[in-house]
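Asker: Okay, here's what each chain looks like letter by letter:
There are 4 protein chains.
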Amino acid sequence: MAAAGYKLHTGRSRNEQIATDLRLFVRASIDTLQELLANWIDVLLTRAERAGSAAMPAYTHLQPAEPVLVAHWLLAYVQMFFRDADRLADCRKRTNLCPLGSGAVAGATLTINRQAMAAELGFDGPTANSMDATSDRDFAIEFVNSLSQLALHLSRWAEEMILFSTPAYGFVELPEPYSTGSSAMPQKKNPDLLELVRGKAARVMGCASTLQTLVKGLPLAYNKDLQETQEPLFDASDTLMSMLPLVTGWMQTVEFNETRMNQAASTGFMNAWAAAAYLVERGVPSRLAHEAIGKAVQLAVERGCDLQKLPLADLQAIHPSFDAAFHSRLGLPEVLALHDVPGGTAPRHVKRALQNARERAASLRAHEPLTVR
Amino acid sequence: MAAAGYKLHTGRSRNEQIATDLRLFVRASIDTLQELLANWIDVLLTRAERAGSAAMPAYTHLQPAEPVLVAHWLLAYVQMFFRDADRLADCRKRTNLCPLGSGAVAGATLTINRQAMAAELGFDGPTANSMDATSDRDFAIEFVNSLSQLALHLSRWAEEMILFSTPAYGFVELPEPYSTGSSAMPQKKNPDLLELVRGKAARVMGCASTLQTLVKGLPLAYNKDLQETQEPLFDASDTLMSMLPLVTGWMQTVEFNETRMNQAASTGFMNAWAAAAYLVERGVPSRLAHEAIGKAVQLAVERGCDLQKLPLADLQAIHPSFDAAFHSRLGLPEVLALHDVPGGTAPRHVKRALQNARERAASLRAHEPLTVR
Amino acid sequence: MAAAGYKLHTGRSRNEQIATDLRLFVRASIDTLQELLANWIDVLLTRAERAGSAAMPAYTHLQPAEPVLVAHWLLAYVQMFFRDADRLADCRKRTNLCPLGSGAVAGATLTINRQAMAAELGFDGPTANSMDATSDRDFAIEFVNSLSQLALHLSRWAEEMILFSTPAYGFVELPEPYSTGSSAMPQKKNPDLLELVRGKAARVMGCASTLQTLVKGLPLAYNKDLQETQEPLFDASDTLMSMLPLVTGWMQTVEFNETRMNQAASTGFMNAWAAAAYLVERGVPSRLAHEAIGKAVQLAVERGCDLQKLPLADLQAIHPSFDAAFHSRLGLPEVLALHDVPGGTAPRHVKRALQNARERAASLRAHEPLTVR
Amino acid sequence: MAAAGYKLHTGRSRNEQIATDLRLFVRASIDTLQELLANWIDVLLTRAERAGSAAMPAYTHLQPAEPVLVAHWLLAYVQMFFRDADRLADCRKRTNLCPLGSGAVAGATLTINRQAMAAELGFDGPTANSMDATSDRDFAIEFVNSLSQLALHLSRWAEEMILFSTPAYGFVELPEPYSTGSSAMPQKKNPDLLELVRGKAARVMGCASTLQTLVKGLPLAYNKDLQETQEPLFDASDTLMSMLPLVTGWMQTVEFNETRMNQAASTGFMNAWAAAAYLVERGVPSRLAHEAIGKAVQLAVERGCDLQKLPLADLQAIHPSFDAAFHSRLGLPEVLALHDVPGGTAPRHVKRALQNARERAASLRAHEPLTVR
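Residue numbers (the working numbering), protein chains in the order written: chain A, 144 to 516; chain B, 144 to 516; chain C, 144 to 516; chain D, 144 to 516.
Any given hint could be a false lead.
Same chains, same label: a pair holds when it works inside one copy or across any pair of copies.
Below are the DSSO-like pairs computed for lysine-lysine, each with C-alpha atoms no more than 30 Å apart in a straight line [unchecked claim]:
#, residue 1, residue 2
1, 332, 236
2, 438, 236
3, 494, 332
4, 332, 438
5, 236, 367
If you are wondering where the hints come from, they were derived from the structure by calculation, not from laboratory data.
The whole structure should be built from the sequences, with the hints applied where relevant.
Answerer: Encoded structure:
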């Protein structure tokens with residue numbers, strides 16, 4: 144690094160230099176991570192497209208609540224990672240300023256062109272204050288905080304994949320190359336990668352915590368404590384750089400058991416909300432409609448059948464507004480279509496959401512900033 | 144909150160509602176905090192302007208390194224708080240989307256206009272996915288992470304003010320209304336507010352840590368754990384809202400002892416770097432120049448005098464390039480002027496930096512977004 | 144608090160007084176928490192006893208691995224809470240020393256009997272150094288760190304109960320008073336308490352983090368930052384005090400579906416390890432035995448049957464050491480009994496473990512220290 | 144590691160083995176750290192002894208409060224490190240139990256003598272429950288939490304040493320081998336080691352945070368996330384192992400400027416409390432005594448002199464109880480002697496405290512447990 148003839152031993156200080164190097168590192172890391180994120184989002188979108196009309200239960204409190212399209216579920220994750228890409232882009236703006244020329248603390252004592260030096264290294268401009276520039280690690284903290292949020296999203300995704308790959312759910316067939324068997328227990332396949340991904344979130348959060356604790360109460364300007372910012376910064380960056388391609392590969396090769404997913408989406412009274420909506424449509428006040436469906440569910444549980452198998456007579460005994468159209472409203476396609484708002488799981492909205500996401504994903508790549516490395 | 148006739152018991156879920164309320168809270172908090180930050184920055188700038196040509200030591204490793212203008216020192220803090228304002232503005236963009244219409248998890252089942260509802264509540268638009276919208280607390284995490292960085296900046300400022308108000312430094316006269324005396328020790332005045340500000344950084348960091356730990360590994364979508372996001376979110380926001388006006392008031396009333404600051408800036412060989420720069424200018428290679436000045440400092444220490452009091456003959460015995468101009472280069476004004484780069488402490492650059500900061504501070508207020516409350 | 148005539152305004156300082164008050168608070172909290180822990184452990188033991196010979200799968204990587212007694216599973220948690228009780232007792236020793244007489248920083252200036260004062264307040268003795276005594280918050284940090292570990296144990300317990308109460312597992316019937324239904328989705332019962340317990344672990348960890356960050360780099364002795372130790376200390380203590388009775392009540396009223404548990408323990412090839420052990424017993428080297436069982440499991444999967452349903456001829460085609468005794472070794476009782484070591488799930492060892500735990504739990508109560516309040 | 148013939152591939156599982164290895168690591172680390180702590184405490188005690196009757200200001204709120212013996216100040220740190228040694232010893236008890244024989248999750252299936260195996264490896268006994276033993280990392284968390292407290296103590300010590308080595312204080316002469324100079328600023332010596340020690344506290348706290356976050360909400364038993372416990376565990380241990388000998392060496396070679404310390408202890412009205420005590424002794428109510436001394440300090444500040452230089456007449460004008468004995472009570476030795484309680488800074492109590500600490504330090508070494516390595 145020898146910008147604009149500003150060389151070591153001609154007045155440059157270690158303090159400004161290390162600050163510059165760390166900013167270059169964060170900028171390059173962000174650019175690489177943006178690419179890895181784009182790949183990861185692409186695979187999520189491809190899997191969402193391939194899932195077609197397959198459905199699954201959506202859970203609240205981990206209890207099955209309502210059916211959703213598998214694509215809708217995967218698009219929830221896509222939104223999280225879009226936010227991560229946004230946050231990294233915002234962090235890049237604040238990172239991409241050049242401390243060179245700040246000297247040890249009071250500014251360089253040579254006649255130098257800081258603007259030119261900054262430009263030569265691909266920075267958007269020079270930093271504004273020498274004392275701040277040599278003692279500031281905001282860019283590192285903000286970067287690792289962003290990575291921490293990204294890692295949290297991955298941990299949620301990993302948790303769901305771990306759950307869904309257990310025999311109790313059976314939605315996900317663990318891909319061989321990312322799992323381990325047990326010689327002692329040949330019936331088992333362990334989701335090692337997913338568990339590590341979940342665990343790594345703790346590690347990145349630990350890095351973020353260390354970085355912030357380090358600068359608390361530090362007087363200006365440079366203090367040697369700041370040397371300790373390097374390892375957690377590098378570690379958090381390395382962790383995400385190695386995790387993203389692995390989860391991308393996992394997602395490319397995983398197999399969803401759509402039969403089990405669809406079956407789970409069609410049972411367990413997940414059409415209860417749709418049933419109440421049907422009554423509301425018929426003019427029954429919302430509270431009464433839900434009460435009536437509550438009784439109907441009760442009855443179906445006692446009889447060991449689904450809601451749509453209850454005879455009309457029994458339903459009408461619960462509430463007179465039930466009619467022959469009821470049963471045709473409780474099928475999986477009808478229930479899905481009922482959530483007919485932008486952002487809802489109705490297939491036509493999911494289709495549009497997929498298109499929007501594809502466009503945004505493409506623009507992520509298009510806007511990827513040029514970096515001098 | 145009853146946007147576009149979308150009322151409770153007509154299909155709205157607690158899950159979407161709480162997500163909406165929390166986003167409204169974060170948005171309003173950001174808007175208030177931006178105003179408080181603008182006031183705080185204004186006071187820092189006013190104090191920097193009032194400091195005029197007063198100088199003080201800049202420290203690295205807490206050891207006196209080089210003299211800087213008091214204004215230059217205060218401008219270092221201004222830069223930190225500009226970044227905080229930026230981060231909050233970026234966080235606001237991602238916060239200001241409306242979850243209403245997401246239902247419990249799969250999307251609303253009523254025909255509603257999410258775009259209109261969002262606009263009515265001052266949101267930039269609706270959220271894109273119902274499962275994400277009801278389980279996402281990114282906006283809260285990003286907000287509290289930003290507050291944590293802001294609190295860290297305040298803790299550094301507080302640390303310096305605590306230090307500089309001790310008799311050992313004596314740069315700062317603690318303002319009575321923000322300090323306590325000791326009936327038992329009448330000679331003492333305690334910087335209680337500053338210590339609390341320093342301590343509160345730990346509290347806000349704890350809130351940020353709780354928020355992130357909460358969502359680690361949470362499966363989609365809403366889980367009751369998320370209820371625990373409320374207290375740390377409110378607490379971090381309240382903490383900053385009460386701290387900013389206090390530090391603003393403190394800074395308005397504090398008195399700087401410019402005599403002691405100038406004196407400290409003029410002693411302790413803080414012109415050693417300038418002395419070396421003088422030799423470099425005369426063609427002495429950088430390394431040799433610093434070596435020569437090292438010897439000169441040694442000599443001055445032995446004689447108990449400042450560098451500029453050494454007779455020319457003794458200096459020339461150390462290196463032949465010293466000449467009569469030397470002594471006139473070591474005064475405080477000359478040393479300050481030497482750091483003649485943008486971002487350096489040379490008075491003409493500090494003056495320009497002040498102007499730039501004033502403009503940016505004004506635009507902070509100008510761009511303050513309108514909020515429906 | 145007016146020990147041994149040592150009254151305010153006769154030389155006592157706020158610094159020693161607040162340190163004393165906080166120690167009294169921690170000591171009283173520990174004593175109460177020990178009682179709550181003892182109640183909680185008692186209920187776990189009662190449920191373990193009542194579970195009798197019921198079995199369930201033990202999971203590794205959340206995949207079913209081997210069958211264990213339900214009692215064995217509950218005893219795993221009992222061990223964790225024994226450690227928590229131990230840690231609190233150790234923390235109490237270090238807490239129970241009296242700072243009174245330390246003055247503001249240098250020691251009291253009145254002739255007082257610190258030993259007598261300490262004894263009067265139930266302390267084990269006076270603290271040893273006035274500067275340390277007035278600036279030390281180790282006891283608070285150690286206490287909240289211990290609570291954090293306790294909360295982590297509760298979070299693991301809550302996670303399992305949440306999982307096991309989903310329809311996918313169906314081992315646990317959520318107790319009505321600790322759960323909420325959904326008017327909109329009458330088929331659902333939500334494990335609110337369990338989710339809050341899981342979430343509260345994050346809160347207590349945040350308190351622990353705040354406390355530690357607060358004292359980092361604080362010079363001696365008392366600094367006002369220490370005032371901020373109070374809220375996280377009180378909050379962590381309150382959180383555990385309210386959680387423990389709730390989980391105790393939950394555990395008293397929860398119903399285990401032993402039929403589903405036993406069934407899950409009897410299927411899914413969880414006798415594969417036992418099958419290999421059978422071969423090893425017949426002289427087959429361990430590695431080969433596991434290989435052979437791997438093939439047998441494969442065959443059984445293809446045939447859609449359990450291991451013990453494979454005809455002897457097919458088994459012998461895999462390895463000649465299989466004989467007629469094989470099938471009788473694969474029943475649930477035989478598989479459980481096979482883990483015949485102290486700490487293993489063989490019923491005779493679980494019975495002994497239960498007795499040991501009962502004795503230890505009784506001694507917890509017996510040794511509960513007397514506190515002056 | 145092949146205890147009691149219990150070899151790999153004869154039924155031993157990786158899960159029990161890794162748990163055993165980690166416990167052996169923690170136990171060995173504790174034993175080494177106890178030795179390093181004993182050395183560190185010895186040096187602190189030696190320096191306290193060598194400080195003799197040298198005094199210095201004690202600070203509260205970083206403002207000079209009262210004079211104390213330098214030995215008294217160093218003994219404050221000794222108390223902290225005694226607590227650390229205690230905590231590590233308590234952690235060792237809970238660590239030193241042997242998981243071998245726990246199998247993968249349900250207990251070993253071979254006839255083995257767990258008691259003998261445990262004894263052979265120097266453990267106090269076997270762990271009590273196989274599911275707990277293979278999924279428990281309490282010992283690692285408790286260990287790193289203890290290290291975190293130790294690191295916090297070192298950070299406080301480092302902070303004070305950094306402060307006291309600045310020209311503003313000048314109490315401490317930085318030892319050459321542990322500091323760096325600046326070729327550019329020959330007047331400077333930087334306390335690099337101390338700053339790193341202060342910074343490393345953040346790192347160890349980050350490790351503790353990662354470890355705890357990792358296990359939050361983990362279902363039983365072994366999950367691969369636990370692999371991530373290893374790096375923070377090793378890192379925290381390594382960090383303390385390298386820091387303790389360095390601070391020990393630093394403390395052995397540092398030079399205290401006792402002249403400056405004594406001078407600082409004798410000025411700045413630090414005898415104000417003693418002056419009030421003198422009046423109280425004469426029957427003046429405490430509040431009035433402090434008021435009177437407040438006025439006297441005011442007067443002395445105006446006259447630019449110390450309290451003991453005020454003429455008796457002027458004092459009696461403030462309060463009639465002043466008499467000729469007053470001035471002889473305000474010398475440094477008299478003020479120190481006034482704090483005449485155990486734990487106070489009166490020289491006779493500091494002498495006894497030193498003896499007590501020496502005895503306790505010796506017993507630390509004596510009780511150091513034997514370890515099989």
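Asker: All hints, please: hold or fail.
Answerer: Comparing the hints with the structure gives:
no.: 1; hint: 332 x 236; result: neither (44 Å within a copy, 36 Å between copies)
no.: 2; hint: 438 x 236; result: neither (58 Å within a copy, 45 Å between copies)
no.: 3; hint: 494 x 332; result: neither (34 Å within a copy, 32 Å between copies)
no.: 4; hint: 332 x 438; result: between (42 Å within a copy, 15 Å between copies)
no.: 5; hint: 236 x 367; result: within (26 Å within a copy, 36 Å between copies)
The structure is inconsistent with the numbered hints 1, 2 and 3, although it conforms to all the rest.
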